[in-house]
Amino acid sequence: MRPTIAIIGRPNVGKSTLFNRLVGKRLALVDDQPGVTRDRREGDAELLGVPFRIIDTAGFEDEDPASLPGRMRMQTQAAVREADVALFMVDARAGVTPLDEEVARWLRTSGKPVVLLANKAEGRAADPGIHEAMALGLGDPVPFSAEHGEGIADLFEALRPHIEREDDEADEAEAGDGPLKLAVVGRPNAGKSTLINRLIGQDRLITGPEAGITRDSIAIEWLWEDFEGNQRPVRLIDTAGMRKRAKVQEKLEKLSVADALRAVDFAEVVVLLLDATKGLEVQDLKIADKVLQEGRALVIALNKWDVAENASSLFNGVKAALGEGLAQVKGVPLLTVSAATGKGLDTLIKVAFETREAWSRRITTGQLNRWFERAIEANPPPAPGGKRIKPRYVTQAKTRPPSFILFGTRVDLLPKSYERYLVNSMRSEFDFGAVPVRLTMRPSKNPYDRE
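FYI, the numbering for the sequence shown is 481 to 931, going by our numbering.
Be careful, since some hints might not be right.
[Claimed, not checked] List of simulated lysine-lysine pairs, DSBU-like, C-alpha gap at most 35 Å:
| # | residue 1 | residue 2 |
| --- | --- | --- |
| 1 | K878 | K867 |
| 2 | K810 | K770 |
| 3 | K661 | K830 |
| 4 | K758 | K870 |
| 5 | K823 | K661 |
| 6 | K766 | K867 |
| 7 | K867 | K661 |
| 8 | K870 | K799 |
| 9 | K592 | K770 |
| 10 | K810 | K766 |
| 11 | K870 | K830 |
| 12 | K758 | K661 |
| 13 | K830 | K878 |
| 14 | K766 | K896 |
| 15 | K867 | K830 |
| 16 | K758 | K823 |
| 17 | K823 | K799 |
| 18 | K770 | K758 |
| 19 | K661 | K878 |
| 20 | K592 | K878 |
| 21 | K896 | K661 |
| 22 | K810 | K896 |
| 23 | K661 | K766 |
| 24 | K810 | K878 |
[To be verified] Label pairs and their computed distance ranges (CB to CB):
| # | residue 1 | residue 2 | range |
| --- | --- | --- | --- |
| 25 | D524 | F707 | 37 to 45 Å |
| 26 | R482 | G865 | 40 to 48 Å |
| 27 | T757 | R482 | 50 to 58 Å |
| 28 | D524 | H628 | 21 to 29 Å |
| 29 | T821 | G775 | 15 to 23 Å |
| 30 | A574 | P659 | 20 to 28 Å |
| 31 | K823 | F746 | 23 to 31 Å |
| 32 | G865 | G822 | 30 to 38 Å |
| 33 | K878 | P659 | 15 to 23 Å |
| 34 | R588 | R712 | 51 to 59 Å |
| 35 | P713 | G775 | 49 to 57 Å |
| 36 | L579 | E602 | 19 to 27 Å |
| 37 | N796 | D892 | 21 to 29 Å |
Hints are computed from structural coordinates only; laboratory data are not their basis. None of the values given here were measured: they were computed from a predicted structure. From the three backbone atoms N, C-alpha and C, an ideal C-beta is built for every residue, glycine too.
Make a model of the complete structure from these sequences and hints.
Below, the structure written as structure tokens:
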């Protein structure tokens, strides 16, 4: 079951605006006049990658239980009883009212955890109201703007203990049970179409010694029989060869290259096919870098291995050049294949499936923060200019590629070398291999954050 948050507060403080922002849709009616919301409205929401259930409630009013406002209040109280945490919203510009104080007294007796949110906190005009909210006895208020989305990181930090689950497992669909979307890219005449023809066992694509035969990106549905005899669906995408930009003159070739780049956007795993008779060129590294920048999982295959000369030194030379030229991602799989004979192709597809699995991996919050504590203890962050940096915790925002957010005080001042240390440590700990791993720094902006 997803954790549940109930948004409560007096009328017209911005509860429905926040509800709409968190669910990502305009589900709740919003208007300047108070009392628009009457019934409880529920929706599936997400905050920085953590899913939960959100309840928008009617404005809390002190009225006879038999009246309409009184019945609305009873609905609000029922919502709080169902919730894991109450998100109590006050209007920072209007300041604390007697009704806010009444709601606070009731919440303190409800037994539910409460997060106090000072809405409409953009600008200095809200400062007095934020100070007043501290006197409600519900902890430090989180300055926020539901209208503009300011303060999301601080809201997440306040809600995190109540909404994150230790048993947060990967979404099955997200983990990649559908067809493996595999694009084959490379320079002209590297053997991309020949490789796909060999995989599917038919001359589906036109091939020949002439460079640039393929113009459109062609998608082919195929079933691969793995080493255990299971049939696994694959969508193979053949693409036009990508030459150096200076050599691309014809309009049709420009369109073909653009089409190939779009195919990369829709792929999950991209195989960069190199011609072993020509080795690694600067253009190959540019293509690989483009794939990684797009956040796609990358596998590199040396084709025409059956006719390669000085195979051992060639392989070691290409591997060393990749390590230097793709410094942002170490250890990209490098395989040797022959599209002409079929050698190594089953291994190529097996590695592509394994790479997609790593690319789709979600780490539980508990695992992530246990690693984080060890990593910080083993190598504490520096203090540039004498300013202490205090990383607090890390959370996974999404998968495909694995993307994480680091929260803390002054974490935006962390040097790139320390960011690389954290990413490389994460790769090793969670077996991400060479898939792109993204880490975003989110410093706390809460003026009441105690350092």
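Hint check:
no.: 1; hint: K878 / K867; in the structure: holds (31 Å)
no.: 2; hint: K810 / K770; in the structure: holds (15 Å)
no.: 3; hint: K661 / K830; in the structure: holds (13 Å)
no.: 4; hint: K758 / K870; in the structure: violated (50 Å)
no.: 5; hint: K823 / K661; in the structure: holds (22 Å)
no.: 6; hint: K766 / K867; in the structure: violated (38 Å)
no.: 7; hint: K867 / K661; in the structure: violated (46 Å)
no.: 8; hint: K870 / K799; in the structure: violated (38 Å)
no.: 9; hint: K592 / K770; in the structure: violated (49 Å)
no.: 10; hint: K810 / K766; in the structure: holds (16 Å)
no.: 11; hint: K870 / K830; in the structure: violated (42 Å)
no.: 12; hint: K758 / K661; in the structure: holds (28 Å)
no.: 13; hint: K830 / K878; in the structure: holds (24 Å)
no.: 14; hint: K766 / K896; in the structure: holds (22 Å)
no.: 15; hint: K867 / K830; in the structure: violated (48 Å)
no.: 16; hint: K758 / K823; in the structure: holds (19 Å)
no.: 17; hint: K823 / K799; in the structure: holds (20 Å)
no.: 18; hint: K770 / K758; in the structure: holds (21 Å)
no.: 19; hint: K661 / K878; in the structure: holds (19 Å)
no.: 20; hint: K592 / K878; in the structure: holds (29 Å)
no.: 21; hint: K896 / K661; in the structure: holds (33 Å)
no.: 22; hint: K810 / K896; in the structure: holds (16 Å)
no.: 23; hint: K661 / K766; in the structure: holds (22 Å)
no.: 24; hint: K810 / K878; in the structure: holds (22 Å)
no.: 25; hint: D524 / F707: 37 to 45 Å; in the structure: holds (39 Å)
no.: 26; hint: R482 / G865: 40 to 48 Å; in the structure: holds (43 Å)
no.: 27; hint: T757 / R482: 50 to 58 Å; in the structure: holds (55 Å)
no.: 28; hint: D524 / H628: 21 to 29 Å; in the structure: holds (23 Å)
no.: 29; hint: T821 / G775: 15 to 23 Å; in the structure: violated (33 Å)
no.: 30; hint: A574 / P659: 20 to 28 Å; in the structure: violated (54 Å)
no.: 31; hint: K823 / F746: 23 to 31 Å; in the structure: holds (29 Å)
no.: 32; hint: G865 / G822: 30 to 38 Å; in the structure: violated (60 Å)
no.: 33; hint: K878 / P659: 15 to 23 Å; in the structure: holds (21 Å)
no.: 34; hint: R588 / R712: 51 to 59 Å; in the structure: holds (56 Å)
no.: 35; hint: P713 / G775: 49 to 57 Å; in the structure: violated (23 Å)
no.: 36; hint: L579 / E602: 19 to 27 Å; in the structure: holds (23 Å)
no.: 37; hint: N796 / D892: 21 to 29 Å; in the structure: violated (40 Å)
In the structure shown, a violation is registered for the earlier hints numbered 4, 6, 7, 8, 9, 11, 15, 29, 30, 32, 35, 37, in ascending order.
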